[in-house]
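Could you use the hints to bring the two separately framed chains together as a complex?
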Amino acid sequence: GESVGLHLPTLSVQEGDNSIINCAYSNSASDYFIWYKQESGKGPQFIIDIRSNMDKRQGQRVTVLLNKTVKHLSLQIAATQPGDSAVYFCPSRGTYKYIFGTGTRLKVLA
Amino acid sequence: NAGVTQTPKFQVLKTGQSMTLQCAQDMNHEYMSWYRQDPGMGLRLIHYSVGAGITDQGEVPNGYNVSRSTTEDFPLRLLSAAPSQTSVYFCASSYSFPGGGRTDTQYFGPGTRLTVL
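Those protein sequence lines, which keep their order, are chains A and B. In this text, residue positions in the first sequence follow the numbering used here: the first is 201, and each later residue adds one. In this text, residue positions in the second sequence follow the numbering used here: the first is 8, and each later residue adds one.
No lab work stands behind these hints, which were simulated from the structure alone. Just so you know, not all the hints are guaranteed correct.
Said to hold, decoys possible - What follows is a list of derived Cβ distance ranges for each label pair:
#, chain 1, residue 1, chain 2, residue 2, range
1, A, Q245, B, S103, 17 to 25 angstroms
2, A, M254, B, M34, 37 to 45 angstroms
3, A, G259, B, D45, 41 to 49 angstroms
4, B, N69, A, Q214, 14 to 22 angstroms
5, A, G216, B, F17, 33 to 41 angstroms
Stated by the list, open to error - In the DSSO-like style, the derived pairs of lysine-lysine whose C-alpha atoms are separated by at most 30 angstroms in a straight line are:
#, chain 1, residue 1, chain 2, residue 2
6, A, K307, A, K242
7, A, K268, A, K307
8, A, K307, B, K16
9, A, K256, A, K268
10, A, K271, B, K21
11, A, K242, B, K16
12, A, K256, A, K307
13, A, K256, A, K271
14, A, K307, A, K271
What the hints assert, rightly or not - Calculated Cβ distances over 12 angstroms to all of chain A for the following chain B residues:
#, residue
15, Q18
16, M26
17, T112
As the structure is a prediction and not an experimental result, all values here were calculated from the model. Where a beta carbon is used, it is the ideal one built from N, C-alpha and C, also for glycine.
In isolation and in its complexed conformation, chain B is listed as follows (with noise of 0.2 angstroms):
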């Protein structure tokens, strides 16, 4: 198994530039994440997916937008890059969501380093 892969790892954008970061997982796993980290802030919840076609917001989610058509694939699309959206992005999948059962545990990408300019 391949676990979680993130392409692009990294990736410079103008302000106003759109682009989707892709986050895959050949894991079989329902529950799909996305995080950003900034220096000294940890890692804070973006968007979530508990399963295809279901999506909800976490903690940060203005200027993202998600979508789960498919179990496998949980891509992050940024309308219009702005450069307070410079982080490094990571994405994570577990077999349930957290709360749902003991594998809960989070697989992590090795992320997606962002700058925008």
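The following block holds chain A by itself, in its conformation from the complex (with noise of 0.2 angstroms):
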């Protein structure tokens, strides 16, 4: 079945460095991720997604990079601001849902 890690479930950047987040799943035949960011006290907002086609889809300030061979995906996120203080989803699609990690949360140090 699907299954949804975070290599890490805090992490700390300062402000103006780049950030990774990492995510694995396990299901190969998996075709469509998606990114969602969760500021406090707000639902859960679409960043960025990537079709299993391509390996690499750049947004504003943020890329997302597909490894098909490890089945990882990472969010960068270039000069990390405050507002990017959040936590971090790539929920993994299961049939008629998404599967939720515990997400992984982003603190931005002054």
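Shown next as structure tokens:
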């Protein structure tokens, strides 16, 4: 079945540095991946997605990398800002549902 | 568009009371779902619906009922509240169900904070 794993529950990064949040998945048939950001007191919000036929996709200050060989996904945030402080999720896709893990909490240090 | 709206924002119940958490979306999304979020537990799926008149159970359905009489609304009912149901509840919607197409990105509501005493 599907499993979602995030390598670190909390990541602390200095403001201005780049952040990398990792995610592992188990289902090699997965063809679509999404990253969500959840700020304190709010619902999760879509950040970026990537299809399995791509290795990399860039957004505004965010890049998602997909390594299908090792079933690994990463979210890179350039020049991390205080507003990036949040919990980040990479849910796995089940039948008719998404399965969220506990997420990675990103703390931005001033 | 208002997106996904949830009411109330906060609610305190006594054990045994019943209540309905409201969720509505104005994006004509077919798929809607309810999650609960507890500290250290991430988001757990309670119930979901792939369209009006169709609902199914998620990971933690016990103690909750849902119905989907219209595309727009997906209320969550607690029949007899228990302290274990103290949580933050999120409703989400998407054009299609997960795996049904590219447009299955979920849009989440702001959440309802429920405390059961």
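Here is what the structure says about each hint:
1. Separation of A/Q245 from B/S103 is about 19 angstroms and conforms to the stated range, judged on CB atoms against 17 to 25 angstroms.
2. A hinted range of 37 to 45 angstroms for the beta carbons of A/M254 and B/M34 is inconsistent with their spacing of about 26 angstroms.
3. A hinted range of 41 to 49 angstroms for the beta carbons of A/G259 and B/D45 is inconsistent with their spacing of about 30 angstroms.
4. At about 44 angstroms, the CB distance of B/N69 to A/Q214 disagrees with the hint of 14 to 22 angstroms.
5. At about 37 angstroms, the beta-carbon gap between A/G216 and B/F17 stays in the expected band of 33 to 41 angstroms.
6. Between A/K307 and A/K242, the direct Cα distance comes to roughly 16 angstroms. Compliance with the 30 angstroms bound is thereby established for this hinted pair.
7. Proposed proximity of A/K268 and A/K307 is supported: the alpha carbons are some 28 angstroms apart, at most 30 angstroms.
8. Restraint check: the Cα-Cα separation between A/K307 and B/K16 comes to about 26 angstroms, which is no more than 30 angstroms; the hinted pair holds.
9. The straight-line distance between the Cα atoms of A/K256 and A/K268 is roughly 11 angstroms, inside the 30 angstroms bound, and the hint therefore holds.
10. Restraint check: the Cα-Cα separation between A/K271 and B/K21 comes to about 46 angstroms, which exceeds 30 angstroms; the hinted pair is violated.
11. In summary, the hint linking A/K242 to B/K16 is supported, as the alpha carbons are separated by about 11 angstroms, within the 30 angstroms threshold.
12. Straight-line distance between C-alpha atoms of A/K256 and A/K307 comes to about 25 angstroms, which keeps the hinted pair within the 30 angstroms bound.
13. About 14 angstroms separates the Cα atoms of A/K256 and A/K271, which keeps this hinted pair within 30 angstroms; it holds.
14. Annotation: proposed proximity of A/K307 to A/K271 holds, straight-line Cα distance about 26 angstroms (limit 30 angstroms).
15. Against chain A, the non-interface label of B/Q18 holds: every CB pair exceeds 12 angstroms, the least being about 16 angstroms.
16. Even its closest Cβ contact with chain A, about 20 angstroms, leaves B/M26 beyond 12 angstroms, as expected for a residue assigned away from the interface.
17. Its beta-carbon lying about 5 angstroms from the closest one in chain A, B/T112 breaks the requirement of being farther than 12 angstroms from that chain.
Checked against the numbered hints above, the structure violates hints 2, 3, 4, 10 and 17; every other hint is satisfied.
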